[in-house]
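Undergrad: Take 185 as the starting number for the sequence shown in the working numbering and just add one per residue.
It should be emphasised that the hints constitute simulated quantities derived from the structure, not laboratory data.
Just the calculated beta-carbon pair ranges, DEER-fashion:
no.	residue 1	residue 2	range
1	R305	G249	40 to 50 angstroms
2	L451	E330	52 to 62 angstroms
3	R466	R498	13 to 23 angstroms
4	D333	E443	28 to 38 angstroms
5	G503	V477	15 to 25 angstroms
6	G249	R303	33 to 43 angstroms
All values derive from a computational prediction rather than experimental measurement.
Ideal Cβ placement from N, Cα and C applies to all residues, glycine included.
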Amino acid sequence: MSSPVLSAHDLQIGFQSSRASRKVVASGLNLELRASEFVCLAGPNGVGKSTLLRTLTRLQPALGGEVRFSGKPLRDLSNKDLASMVSVVLTEHVQVNVMRVRELVGLGRFPHTGMFDSRSRQDEKAIENALALTDVSHLSDRFVQELSDGERQRVMIARALAQEPLLLVLDEPTAFLDLPGRISIMHLLRDLAHTHRQAVLTSTHDLDLAMRSADRIWLMNRDGSIAQGSPEDLVLSGQFGHTFSQANLQYNALTGQFEEERDRTKLVVLRAEGLAGTWTERALRRAGFEVLVEGAPDLPLVEVEAQGITNSWRLTWQGVSRELSSIYALLNALLE
Numbered sequence: 185m186s187s188p189v190l191s192a193h194d195l196q197i198g199f200q201s202s203r204a205s206r207k208v209v210a211s212g213l214n215l216e217l218r219a220s221e222f223v224c225l226a227g228p229n230g231v232g233k234s235t236l237l238r239t240l241t242r243l244q245p246a247l248g249g250e251v252r253f254s255g256k257p258l259r260d261l262s263n264k265d266l267a268s269m270v271s272v273v274l275t276e277h278v279q280v281n282v283m284r285v286r287e288l289v290g291l292g293r294f295p296h297t298g299m300f301d302s303r304s305r306q307d308e309k310a311i312e313n314a315l316a317l318t319d320v321s322h323l324s325d326r327f328v329q330e331l332s333d334g335e336r337q338r339v340m341i342a343r344a345l346a347q348e349p350l351l352l353v354l355d356e357p358t359a360f361l362d363l364p365g366r367i368s369i370m371h372l373l374r375d376l377a378h379t380h381r382q383a384v385l386t387s388t389h390d391l392d393l394a395m396r397s398a399d400r401i402w403l404m405n406r407d408g409s410i411a412q413g414s415p416e417d418l419v420l421s422g423q424f425g426h427t428f429s430q431a432n433l434q435y436n437a438l439t440g441q442f443e444e445e446r447d448r449t450k451l452v453v454l455r456a457e458g459l460a461g462t463w464t465e466r467a468l469r470r471a472g473f474e475v476l477v478e479g480a481p482d483l484p485l486v487e488v489e490a491q492g493i494t495n496s497w498r499l500t501w502q503g504v505s506r507e508l509s510s511i512y513a514l515l516n517a518l519l520e
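Based on the provided sequences and hints, a complete structural model is requested.
TA: Next comes the structure, spelled out in structure tokens:
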């Protein structure tokens with residue numbers, strides 16, 4: 185196994201307003217991140233995810249412990265050395281609307297070119313590679329203000345990649361995007377890690393996407409502790425339920441979804457298979473029914489008949505059978 189690109193030992197994070205006044209957000213953190221690894225930092229609002237990212241990248245000081253990049257203490261790195269090792273994409277929109285995309289991406293070469301921006305052929309190649317990796321080469325002559333939110337986020341990632349860092353750190357990169365945009369960005373980050381040996385760390389509130397994309401998840405709890413593991417390990421250990429479940433809301437490890445806790449006094453028997461059966465069961469549970477495979481004769485019985493892309497539902501209840509053409513009609517019949 186390769187040596188970690190980033191490591192933290194007994195790290196304490198938080199805020200210190202004076203020598204005598206400090207607020208500790210989390211302590212005793214031991215973390216590692218390696219090349220070719222995509223790690224998602226997840227957890228409830230307000231637990232300190234952004235504080236952790238800012239501390240790991242020296243945007244704010246640690247209260248205790250140690251952070252290392254490629255084995256070198258973070259505190260000993262010059263700003264130039266740090267900029268060549270880590271690149272950060274924050275949530276806040278950078279006001280660069282009058283710049284063209286290529287100019288913005290070119291700013292990523294600043295740690296290598298200096299304030300006079302004297303670029304070599306290698307610098308130009310790094311810019312071209314960053315544009316290509318993020319699939320924004322066709323936008324290079326556009327003004328930033330003309331971009332959609334998804335395009336803009338890809339350009340900001342390209343700017344970060346132009347630095348050629350060992351580690352790419354992103355704070356909520358999908359926060360302002362629609363569902364296709366969120367999926368696209370997460371797939372891009374995973375591809376950068378797996379195909380281009382980039383170490384990638386991102387915070388996210390999108391737990392479902394993190395579970396589908398990440399190699400590992402750092403799951404930050406309300407007490408400041410962090411559970412680490414593959415998404416599947418964290419489900420099986422009960423960590424997701426421990427971290428996110430609250431009154432009237434529980435994590436269902438079988439479905440991978442959060443469900444409202446209800447007194448399911450309404451019972452229904454479902455006999456169905458395949459895709460239509462799966463979605464019928466989900467709809468019935470959403471409507472507050474406890475779904476059974478077998479039950480007493482006086483319970484409502486739902487049978488699904490699938491014929492290609494056409495489905496029909498038969499509801500037998502109180503001695504009457506009804507043919508229904510949709511799940512919506514089925515639910516209305518059960519609830520009327």
